[in-house]
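We have chain D already, so just place chain B with the ligand on it with the hints.
Each chain, letter by letter, is given below.
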Amino acid sequence: MEKEKIISILEEVMDPEIPVLSIADLGILRGVEILENEIRVTVTPTYSGCPAMDTIQEDIRSILLKNGFDKVKINLVLSPAWTSEWMTDSGREKLEAFGIAAPALNHSCTMAGTGTDEPGHCPLCHSENIEMISRFGSTACKALYRCLDCREPFDYFKCH
Amino acid sequence: MLSAYLIQLADNALILGHRNSEWTGHGPVLEQDIALSNIALDLIGQSRNLYQLAASRMNTLSPEKEPVTEDDLAYLREAPDFKNVVLLEQPNGDWAKTILRQFYFSRFQLLQFRDLLNSKDADLAAIAEKSIKEIRYHVKWSSEWVCRLGDGTTESHTRMLNALEELNPLVAELFTTTDYELAAATGGWGTDPASLQPDWLQAVNATLQTATLPLYRDEKKPALLLSGKNGFHSEHLGFILAEMQFLQRAYPGCDW
Ligand SMILES: [Zn+2]
Chain D
255 MEKEKIISIL
265 EEVMDPEIPV
275 LSIADLGILR
285 GVEILENEIR
295 VTVTPTYSGC
305 PAMDTIQEDI
315 RSILLKNGFD
325 KVKINLVLSP
335 AWTSEWMTDS
345 GREKLEAFGI
355 AAPALNHSCT
365 MAGTGTDEPG
375 HCPLCHSENI
385 EMISRFGSTA
395 CKALYRCLDC
405 REPFDYFKCH
Chain B
7 MLSAYLIQLA
17 DNALILGHRN
27 SEWTGHGPVL
37 EQDIALSNIA
47 LDLIGQSRNL
57 YQLAASRMNT
67 LSPEKEPVTE
77 DDLAYLREAP
87 DFKNVVLLEQ
97 PNGDWAKTIL
107 RQFYFSRFQL
117 LQFRDLLNSK
127 DADLAAIAEK
137 SIKEIRYHVK
147 WSSEWVCRLG
157 DGTTESHTRM
167 LNALEELNPL
177 VAELFTTTDY
187 ELAAATGGWG
197 TDPASLQPDW
207 LQAVNATLQT
217 ATLPLYRDEK
227 KPALLLSGKN
237 GFHSEHLGFI
247 LAEMQFLQRA
257 YPGCDW
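Protein chains in written order, with this note's numbering: chain D, 255 to 414; chain B, 7 to 262.
Excised from the complex, chain D in its bound form (with noise of 0.2 angstroms):
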């Protein structure tokens, strides 16, 4: 079916700013709809003030169009808000796999869960001894952590 093999497509997408995740591993691909002249793609930021999300909106575009769909429409939705427990469970083995910790679930910033925002071991490592060493990291989606046995700093997507 049409619509699969654009989902597929789009599955290729890359966040720019870690890039072994996809769009569809983020959970920011919110739809795709096919309408009788244009291809609506929804999609989600993960915070307000997100770099990346032009560059997402070009990619989409452009691989779209390499693969001969032309008439392209992205839809910006703002709700129900982004939230870090839509990222897939294969988006958190390949987060964890680069070196990022993966989002606590269940987290209460999302309102339903009562866990903490923390990582649950050292990615490299897969230690609990570990440290939080700054609420933000090198993204507004990450937290700087340090890992007190292999001693390696580590990032921290946040719960969201």
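These are calculated hints, taken from the structure and not from any lab test.
Values in this document were obtained by computation on a predicted structure and should not be read as measured data.
Even for Gly, the Cβ is constructed at its ideal location relative to N, Cα and C.
Mixed in with the good hints, there may be bad ones.
What the hints assert, rightly or not - Non-contacting residues of chain D with respect to chain B, defined by C-beta distances greater than 10 angstroms in every case (computed):
id	residue
1	G281
2	S316
3	C404
4	H414
Stated by the list, open to error - If we take Cβ atoms under 7 angstroms as the criterion, some of the chain D residues that face chain B in the derived model are:
id	residue
5	Y301
6	S302
7	G303
8	N329
9	L332
10	S333
11	A335
12	R389
13	F390
14	A394
Unchecked claim - Quick list of the computed label-pair ranges, beta carbon to beta carbon:
id	chain 1	residue 1	chain 2	residue 2	range
15	B	Q215	D	I387	47 to 57 angstroms
16	D	E382	B	L82	49 to 59 angstroms
17	D	L402	B	L221	32 to 42 angstroms
18	B	Q251	D	E290	41 to 51 angstroms
19	B	L232	D	E265	46 to 56 angstroms
20	D	P273	B	A248	35 to 45 angstroms
21	D	H380	B	A189	53 to 63 angstroms
22	D	E266	B	Y222	47 to 57 angstroms
23	D	L319	B	L67	34 to 44 angstroms
24	D	R284	B	Y222	35 to 45 angstroms
Just chain B with the ligand now, kept in the frame of chain D:
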């Protein structure tokens, strides 16, 4: 009235975002430089969403006029057209002053956007829903810093006392209701800031107490001559705009 209300919300976010961005490359340590730069990004992102919404409402209301864009609103208005509170245009000063301003504002913005989740304007409610997660994190970060500095060394405590003395007289404006805020509250799309003051006082004073700092008292001070929300700004806003708007005014429509 709706566009004035939206522009007020947007101007607050933009001007504080711009002030915070002035710390980029100048933070006391790299991690905190990055923290404040990220908060700046969140705020500027929120202001973009609000300006876009204001522009679309303005264009719907006046279809006969040349359509306005978010960039027109941010880059081509003069100081008296800006509606941000005077608190947010103050120079950064030292780290203590920057932290206290962020803490006061984030605490306020959290309550304001909590109410806006129920706005009759679905697009404004969506912006609130998006922003409030970011604001919660700003509250957490800035509260921790207020405690760290207040309950820190003699030097950091003294600096916080100075910051309180400088910024406290500017707080009342946050809770002073303007005509357009009253109209927004009555119309069901906005919130009356005066109604947020009791919750704000309680939350702020709980943190100030932990930080071993004097509590904020809502003294009935003589009314400020300045009212940023009504376009009467301190001299500082003009300097911000001179820097922020230079490129768009010198090279109209410039893109990079
Ligand atoms: Zn480790």
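field: Broken hints, by number
entry: Of the numbered hints given earlier, those the structure breaks are 4, 8 and 15, listed in rising order.
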